[in-house]
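Enquirer: Sequence:
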Amino acid sequence: MKFLKDAKFSSDSENLDIRLRPEYNVGNALVVRVDKEINPEKFVDYPEGYTVQSYVSKGSDYPSVEKIVKNKITGMYKITYTLMDKAGNPVNGSDGQVVIRSLNIYFYDPTPVLESIDKVNKKIKDGNYSNGDEVKKELDKIRVDIERPKEIPNIKEFLSKVDMEEKKLKVTDTTAPEAPSVNDTEVGSKKVSGKGHEVGNTVTVTFPDGKTATSKVDEKGNWTVDVPEGTELKVGNEITATETDMSGNKSESGKGKVTDTTAPEAPSVNDTEVGSKKVSGKGHEVGNTVTVTFPDGKTATSKVDEKGNWTVDVPEGTELKVGNEITATETDMSGNKSESGKGKVTDTTAPEAPSVNDTEVGSKKVSGKGHEVGNTVTVTFPDGKTATSKVDEKGNNYKNEKLLPNTGMKQEGKNTAFSSIIIILMASMLFINKRRKKENKEI
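For the sequence shown, UniProt numbering assigns the number 1 to the initial residue and increments by one for each residue that follows.
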């Protein structure tokens with residue numbers, strides 16, 4: 001087979017030679033693909049004005065390059081080049097011998113490797129892989145190595161490399177995480193927290209005023225953000241949060257509320273005068289509800305006004321007795337109920353002066369009328385001695401069952417009159433003093 005080629009060096013007989021071109025020299029051998037047309041002439045350089053003739057052999061086998069390509073024959077062979085002149089005759093060198101060059105030639109078929117590479121590239125193109133571009137770059141390197149090998153190619157090893165790169169492909173995660181939970185946040189709190197679903201995911205929290213804050217899900221699945229400067233959280237406000245994973249998949253929104261779970265302090269209850277029709281006291285937050293419980297179990301409610309006061313009417317049929325306890329609780333707008341505040345039913349109003357019946361001289365008893373069963377009547381005699389009695393259940397009469405004290409004085413009519421006057425004066429003074437105390441207390 002004869003080929004024509006432009007010379008690469010001088011045709012001087014001393015330089016007549018056939019040389020393997022460096023780009024095809026792989027370990028002093030030719031490495032040639034059998035999946036394309038083979039032109040042996042392009043693998044070597046020779047003098048200008050000459051041609052080369054070549055044949056391939058292995059032992060007694062002399063396959064043509066056409067047959068090698070057609071049957072994709074692979075393996076190590078020998079190729080022999082002969083330098084020919086323009087007339088088609090072998091050329092002798094300076095030593096008188098025909099110029100011949102024999103070279104090892106390795107035929108290989110890269111088709112299985114190239115097809116495998118194309119298959120993986122198609123997989124990357126049609127699929128959704130997070131590292132698809134990285135794998136594709138490695139496959140491009142393998143393609144270059146198999147098409148222009150720098151050593152005798154081992155097809156099995158190349159196929160193994162392609163298979164390894166395919167196994168490196170990571171399917172892109174397109175599944176969004178579940179919505180994170182958002183803990184209810186106490187009004188006035190400076191932090192918002194909750195639970196995420198995967199360590200390292202990003203949680204984005206949106207506040208009622210549109211401001212946002214971000215956090216990472218920690219190793220225990222928790223996340224926490226600070227409330228942005230200037231953001232005011234009010235009871236009932238909604239706070240939302242989304243979770244985004246490493247692949248950029250974003251969850252639906254989790255929601256939490258701004259709550260108030262702190263009960264107010266117990267309201268104060270003013271002591272209530274027996275016979276009063278109203279009970280009053282002090283609350284802690286305007287608009288809170290005060291519930292008053294009376295000794296008979298009946299209740300009444302009121303709102304804390306702008307001055308912090310509250311007042312309720314005593315229920316119809318409820319009788320307040322001295323010493324009775326009245327309780328009150330305060331409930332805020334979030335339903336948080338306080339402990340009970342307590343007040344007493346008191347009696348600070350002095351009774352009217354008791355009447356004193358005229359006492360017959362020589363009598364051993366003094367009697368009269370009181371105003372309330374059980375009250376104590378103290379009788380003072382002209383000599384300063386005293387005696388006491390209780391107002392009984394019948395007509396509020398009282399009488400001293402004891403003998404008159406031995407005053408050492410004659411019991412004359414004028415003494416009886418004087419005794420009556422003393423009792424009346426003392427009862428009047430007691431009434432006036434109690435009235436003044438009451439007035440001072442009310443002031």
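The set of hints was computed from the structure by calculation and includes no laboratory data. Take the hints with a grain of salt, since some may be wrong.
Said to hold, decoys possible - List time: in silico DSSO-like cross-link candidates among lysine-lysine, alpha-carbon distance up to 30 angstroms: (1) 168 to 277; (2) 156 to 168; (3) 190 to 234.
What the hints assert, rightly or not - Beta-carbon label-pair distances, calculated as ranges: (4) 337 to 313: 17 to 23 angstroms; (5) 348 to 189: 44 to 50 angstroms; (6) 373 to 313: 26 to 32 angstroms.
We treat Cβ as the ideally placed atom computed from N, Cα and C, and that holds for glycine.
Enquirer: Given the hinted pair residue 156 and residue 168, is their Cα-Cα distance within 30 angstroms?
Expert: Given that 30 angstroms is the threshold and the Cα spacing comes to 19 angstroms, the pair holds.
Enquirer: If I claimed the Cβ atoms of residue 348 and residue 189 lie 44 to 50 angstroms apart, would that claim hold in this structure?
Expert: Roughly 47 angstroms apart at Cβ, these two residues keep to the hinted range, so it holds.
Enquirer: For the pair supplied as a hint, residue 168 and residue 277, confirm whether the alpha-carbon distance does not exceed 30 angstroms.
Expert: violated, 87 angstroms
Enquirer: Mind checking the hinted window 26 to 32 angstroms against the Cβ distance between residue 373 and residue 313?
Expert: holds, 28 angstroms
Enquirer: Can the suggested window of 17 to 23 angstroms be confirmed for the beta-carbon pair residue 337 and residue 313?
Expert: holds, 22 angstroms
Enquirer: Holds or violated: residue 190 with residue 234, Cα cutoff 30 angstroms?
Expert: holds, 12 angstroms
Hint 1 from the earlier list is the only one contradicted by this structure; the remaining hints agree with it.
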